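Undergrad: One letter stands for each residue in the lines below.
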Amino acid sequence: MAAEVAVAAVSDVGMSIEAIKASQYGMKAIGAGLAVGLTGIGTGVAEMGIGAAAVGAIAENKDFFGLGLLFTVIPETIVIFGLVVGLLLLFL
Amino acid sequence: MGVNISAPYIYVCTRMRMRKSKLLPKEEYQRMLNMSVSEITRIIGETEYKQEIDELGTTFKGIDLVEVALSWNLAKEYQKIQEITPGTLKQFTQVYLRTWDIQNVLTILRGKMHGEKAGKIKEILVPAGSLDKIALDRMLAEESGDRIIELLKDHRMFPVLAREYPLAKEANSFARMENELYKNLYANIINDAKAGVKGGASFLAYIQLEIDIKNVKTLFRLRADKVDEEAREMFIPGGSLSLTDFASLNNIKDLNEFVDMIRANISNDTLHTLLDEVKTKKGGVQYIEARLTRVQLEQMEKMSKRNPFSIHPILVYLEKKKYEVFNLRALARGKESKLPSEKIVDYLVM
Chain Z
1033 MAAEVAVAAV SDVGMSIEAI KASQYGMKAI GAGLAVGLTG IGTGVAEMGI
1083 GAAAVGAIAE NKDFFGLGLL FTVIPETIVI FGLVVGLLLL FL
Chain G
718 MGVNISAPYI YVCTRMRMRK SKLLPKEEYQ RMLNMSVSEI TRIIGETEYK
768 QEIDELGTTF KGIDLVEVAL SWNLAKEYQK IQEITPGTLK QFTQVYLRTW
818 DIQNVLTILR GKMHGEKAGK IKEILVPAGS LDKIALDRML AEESGDRIIE
868 LLKDHRMFPV LAREYPLAKE ANSFARMENE LYKNLYANII NDAKAGVKGG
918 ASFLAYIQLE IDIKNVKTLF RLRADKVDEE AREMFIPGGS LSLTDFASLN
968 NIKDLNEFVD MIRANISNDT LHTLLDEVKT KKGGVQYIEA RLTRVQLEQM
1018 EKMSKRNPFS IHPILVYLEK KKYEVFNLRA LARGKESKLP SEKIVDYLVM
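Residue numbers (my numbering), protein chains in the order written: chain Z, 1033 to 1124; chain G, 718 to 1067.
So that you can see chain G by itself, here it is in the shape it has in the complex (with noise of 0.2 Å):
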């Protein structure tokens, strides 16, 4: 059945699902949009963001506090799932959550390459991953970036970051190595998934499924742009899409034609709804990758249902709180810089 009824894993699953019927709902993103920074801290202020904001109300103001707040609930919420979760899920879990050590690593590379404050790029690290407070404080403590690689040593990621370092340092762009980073990092958690560890299976869908909403992302972006960037490396292998299906796709140059070869190579019901979308309705590359995120929101709600008591309900809520904290950092962001509601709109995903 692939459904586990163990005791620890209900009560897991149980938990997830209250701390998400916890969050923001649409109508609050809404009633945002019409206030300001200060206002709209107040009212976080009366959520689950209380603890932070009270803390930090004394050291930061403005949109520092809302950042810094924001980041400090995200890993602190994060931490607490970790503990909580039992066995095979707790191992699946760090594994998403490695994610963060790549974002990490690339906040310190790059504040370090242009000269930032460590204090300063502290504010926006989120230790949720692998490498905790103590690990990132010594990575900024740290002034060359080769030093920094080298404290990395026993990490899963050093031997990527050892050969793609010398050369990003040269290009003097992170773009490449962050691909490559996380190239490896779903290479990796495809091998974890299929190591026949129970509930693997579960785990694979949803990566797959975050694979190819990655890569549609990836295109459409591309297609917006319109950079000469290789396509060929932005690619991550493991989803429904294949190397060579991706670089025909960002050969067409008709949007029609794009969105019909996607529906053919994707089978996903709320994708093609939002493809046909798409095909109609003109938005800017913003919208339809706030509305690709949605999409693949919804599908891993549609396969938490499915399987109540395995990895899936974790992930929602992993997933969805980050979207809140994105979502409200954007608002705050968009408000601090004076955007109308209508742009700050397409960047939140509800």
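Extracted from the complex, chain Z is given alone in its bound form (with noise of 0.2 Å):
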């Protein structure tokens, strides 16, 4: 009984190849959305920090701005990994 509805789900979802592909391409976006936006949220927490520090010496010093610029933008590395994995899952 339970093999039966099992090989009548599986019937009734992908059929076609049309269809399994374009549900992968799906799956591949849902991924690449994920990467980059986790690893933006990623980026933002860790800059929150640096990036509050920074301004805070840039304030007491103004020579602090070119190191606290720097220092601000090396967590973005985190969202070009991200991004990077995007662009792999979308066109690798």
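The hints are simulated quantities; they were obtained by calculation from the structure and are not laboratory data.
A portion of the hints provided could be inaccurate.
What the hints assert, rightly or not - Reference excerpt, derived from the structure (chain Z facing chain G, CB under 7 Å, subset only):
(1) 1074
(2) 1077
(3) 1081
(4) 1084
(5) 1088
(6) 1089
(7) 1091
(8) 1092
This structure is a prediction, so every number in the text was calculated from the model and none was measured.
We put the CB at the ideal spot given by N, CA and C, even for glycine.
Build the complex: two chains, separate frames, hints provided.
TA: As structure tokens, then:
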């Protein structure tokens, strides 16, 4: 009985090759979205502390501008990794 | 964890650390010890005090210029910090700065009692607490002490002032009133810190440290002066020592026993090292006091590293700045009175 239901379900869901391909592409797109989105949040969280400290330091001493900016953007690498993974997922 | 990682906290704490790094280093004091007052003025005119020295240079000369510039700079710095601190940190900073209210009110009352001119008293006021320049000017304009107290009707220290001032006037000494005001202040601060506000625990830790150090300083001073005054009145409750401990410590005559008892009562590694030193090396009470202050600052520094984004980095800076001003004032005053450098060093906290 259970086996019959399973077979019926499979034949219901993805019957044609096109439909399976489309669903695979959809999954990749979701994966890519998650990769960019989540790493973006990670970068934001990491930059919050560094940015706040950098602005504090710059407020006291303007010479820290270059260094502060450099340190603030270092966590950008995280979102760049996410972007790379996203692109690989979509185009490879 | 006790660590708050919201952006405004990080911002303010970093600013405080940056400001702390701009304070004068120990070597600078050593250099200044060999200079005259005018040279010291020139040196501090090149540092953070430049603006004040330039502004006041035309009105004041010599030692007065140094004194007024230092007080102005300190007040400006404290007001600025109150502006930039966020939320509960601001509340705690303001509470901490209330010690300046006591100091200013007592300076005015003492000055009036000795018949000093308002202008002369104004020079040494530091409008850093809740009483601003306008409030202090209004108090300075009054002639009698009673009227000054009346002006403070809405202030938190009014009940103590109203109770103690008549007694102080009768005794012709504000010592008792000063003790009572500080006791009241610390009791209030402890209440505020325990009120369940976020970050209150770390503020409480600092206050307890300060009370401990103050009590130990009082004990050393009582030993040195051998005064008959009731020691119990000088005790500030709230720290690690209880009133009975304090009284019994004050009765111990032998230095070694006294030091061991303090060791047993207060657990603080930096303090213990100093106490061991006191046992072997004889120094004046001034020297011990300066060293105790150093102990307090070192301990605060440790606390600020443990809680990097709390009230501690702010308090460390406020205290260090205060002692920088005290040091420079002691240096300038000492040089003006032609004290030998070895004597001045005892007064410096470095």
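Undergrad: State for each hint whether it applies.
TA: Okay, the hints, checked on the actual structure:
no., hint, verdict
1, 1074, "15 Å, violated"
2, 1077, "10 Å, violated"
3, 1081, "5 Å, holds"
4, 1084, "4 Å, holds"
5, 1088, "3 Å, holds"
6, 1089, "6 Å, holds"
7, 1091, "6 Å, holds"
8, 1092, "4 Å, holds"
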